[in-house]
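Novice: Use the sequences and the hints to build the structure in full.
Protein chains: 2
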Amino acid sequence: MSPNNRTGDKHDRILDAALKVFARHGFFNSKVSEIARVAGVADGTIYLYFKNKDDILIKAFEETMTMLITRLDEALGALTHPLEKLRTYIRLHFSIVRAHRDLAEVITVELRQSTKFMKEYKNEKFQEYLQRISMIIREGKDQGMIRPEIQPGIIKRGLFGMIDELTLLFVLSKKYSVDQLDQVADQVAEILIRGIQTEKGRATLEEMRKTSGAANGNV
Amino acid sequence: MSPNNRTGDKHDRILDAALKVFARHGFFNSKVSEIARVAGVADGTIYLYFKNKDDILIKAFEETMTMLITRLDEALGALTHPLEKLRTYIRLHFSIVRAHRDLAEVITVELRQSTKFMKEYKNEKFQEYLQRISMIIREGKDQGMIRPEIQPGIIKRGLFGMIDELTLLFVLSKKYSVDQLDQVADQVAEILIRGIQTEKGRATLEEMRKTSGAANGNV
Chain W
30 MSPNNRTGDK HDRILDAALK VFARHGFFNS KVSEIARVAG VADGTIYLYF
80 KNKDDILIKA FEETMTMLIT RLDEALGALT HPLEKLRTYI RLHFSIVRAH
130 RDLAEVITVE LRQSTKFMKE YKNEKFQEYL QRISMIIREG KDQGMIRPEI
180 QPGIIKRGLF GMIDELTLLF VLSKKYSVDQ LDQVADQVAE ILIRGIQTEK
230 GRATLEEMRK TSGAANGNV
Chain L
30 MSPNNRTGDK HDRILDAALK VFARHGFFNS KVSEIARVAG VADGTIYLYF
80 KNKDDILIKA FEETMTMLIT RLDEALGALT HPLEKLRTYI RLHFSIVRAH
130 RDLAEVITVE LRQSTKFMKE YKNEKFQEYL QRISMIIREG KDQGMIRPEI
180 QPGIIKRGLF GMIDELTLLF VLSKKYSVDQ LDQVADQVAE ILIRGIQTEK
230 GRATLEEMRK TSGAANGNV
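Going line by line, the protein sequences match chains W and L. Heads up: the first sequence begins at 30 in the numbering used here, then just goes up one per residue. Heads up: the second sequence begins at 30 in the numbering used here, then just goes up one per residue.
By construction, these hints were calculated from the structure, which means they are not laboratory data.
No copy is singled out in the list; a pair is fine if it fits within one copy or between any two copies.
Taking lysine-lysine and the DSS-like style, the derived pairs with C-alpha atoms no more than 30 Å apart in a straight line are:
{"id": "1", "residue 1": "K229", "residue 2": "K239"}
{"id": "2", "residue 1": "K239", "residue 2": "K170"}
{"id": "3", "residue 1": "K80", "residue 2": "K60"}
{"id": "4", "residue 1": "K229", "residue 2": "K170"}
{"id": "5", "residue 1": "K49", "residue 2": "K82"}
{"id": "6", "residue 1": "K80", "residue 2": "K39"}
{"id": "7", "residue 1": "K154", "residue 2": "K170"}
Specialist: See below:
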C-alpha cells in the first residue's frame with residue numbers, strides 16, 4: 030500500500046495506465062490485466078500496490094486532488110487580491126483538465142456513475158479542494174472586495190457545478206479545442222467576478238491590472 | 030402507450046407512484062410490483078401504459094420537462110427584458126424542484142448513474158429546455174443588454190451545471206429548507222445578471238424595478 034522510493038515508479042506507471050484504460054473502455058469494462066499490460070508490469074505486481082480496481086481509481090483520484098491542491102496553494106500564495114485568487118482557481122482547474130484529459134474523463138463521466146464511489150467514499154481531498162473556494166469568498170467579504178450578501182456555500186457548490194459541467198462538455202465533445210477551454214475558463218471567471226464584486230473590489234482589481242500588466246499570466 | 034382520457038388518471042397515478050418509489054429505494058432497487066401497490070393498480074395494469082421500469086422513468090422525466098417548458102414559456106411571454114427573463118428561468122427551475130422533490134431526486138441522483146440513460150437516450154426535451162437559456166442570451170446581446178463577448182453556449186451549460194449541482198445539494202441534504210432554496214435561486218440569478226449585463230442592461234433593469242415594483246413577484 031505504501032511503496033518505497035525504489036518502486037514508486039511502477040506505482041505511478043500503473044496509475045497512468047489505469048487512467049488510459051478507464052478512459053478508453055469505461056471503468057466497469059476495464060480489466061486489471063489490461064492495466065498491467067499497458068503499464069508493462071505483471072498482473073500480480075498491481076496487487077502489491079492496490080487492493081483492486083476500485084482502489085486504483087480512488088488512489089488516482091486522490092493523488093490528482095493532492096497535486097491540484099498543492100499547485101493551487103502555490104499559485105494562490107503569490108496573490109493578494111481575493112478576486113484574482115478566484116480567477117486563478119478557475120484557470121488552474123481548467124488547465125489541469127486540459128493536461129489530464131484521461132483523468133478528467135474518468136472523474137466526470139465514470140465516477141458519477143459509481144454508486145459506491147458517490148455514496149460510500151468519504152471524499153475528503155475533494156472537500157478540501159472545494160473548501161478553498163469558500164475560504165477565498167470569506168476573505169473577499171472581510172476585505173470588502175466581495176458583496177456582503179454573497180454566501181460562500183452557494184458559490185462553492187455553484188461554481189464547482191458550473192466548471193464540472195463545462196469540463197464534461199469538453200471531455201465528451203472531441204471537437205472542443207484546448208484554446209476554447211481557455212476561453213471558457215476566462216469567461217466563467219469574468220462572469221463570477223463581476224457577479225460578486227463590490228465597487229471597491231472592481232476598482233482595486235482594475236488598478237492592479239494597470240500597474241502590473243501581469244495579471245493575465247498567473248497560471 | 031397513449032392512454033385515452035378515461036384512463037389518463039391511472040397513467041398519472043402510476044407516474045406519481047413510480048417517483049415516490051424511485052426516490053425511496055433508488056431506481057435500480059425499485060420493483061414494478063411496488064409501484065403498482067403504491068399506485069393502487071394491479072401489476073399488469075402498469076404494462077398497459079409502460080414497456081418497463083426504464084420506460085416509466087423516461088416518461089416521468091419527459092412529462093415533467095414538457096410541463097416545465099410550458100410553464101417557462103408562459104412566464105417568459107409576459108416579460109420583455111432579457112435579464113428579467115433569465116431571473117425568471119432560474120426561479121422557475123428552483124420552484125419546480127421544490128414542488129417536485131421526488132422527481133428532482135430521481136433526476137439528479139439516479140438518472141446520472143444510469144449509463145443507458147446518459148449515453149443512449151436522446152434527450153430532446155431536455156435540450157429544448159436548455160435551449161431557452163441560449164435564446165435569452167442571444168436576445169439580450171441583440172438588444173445591447175448583455176455584453177457582446179458572452180457566449181450563449183457557455184452560459185447554457187454553465188448555468189445548468191450550477192443549478193443542477195445546487196439542486197443535488199438540496200435534494201441530498203434533508204436539513205436544507207425550502208426558504209433557503211429561494212435564497213439560492215435569487216443569489217444565482219443576481220450573480221449571473223451582474224456577471225453578464227452591460228451598463229444599458231443594468232440601467233434599464235433598475236428603471237423597470239423602480240417603475241413597476243413588481244419585478245420580484247413573477248414566479
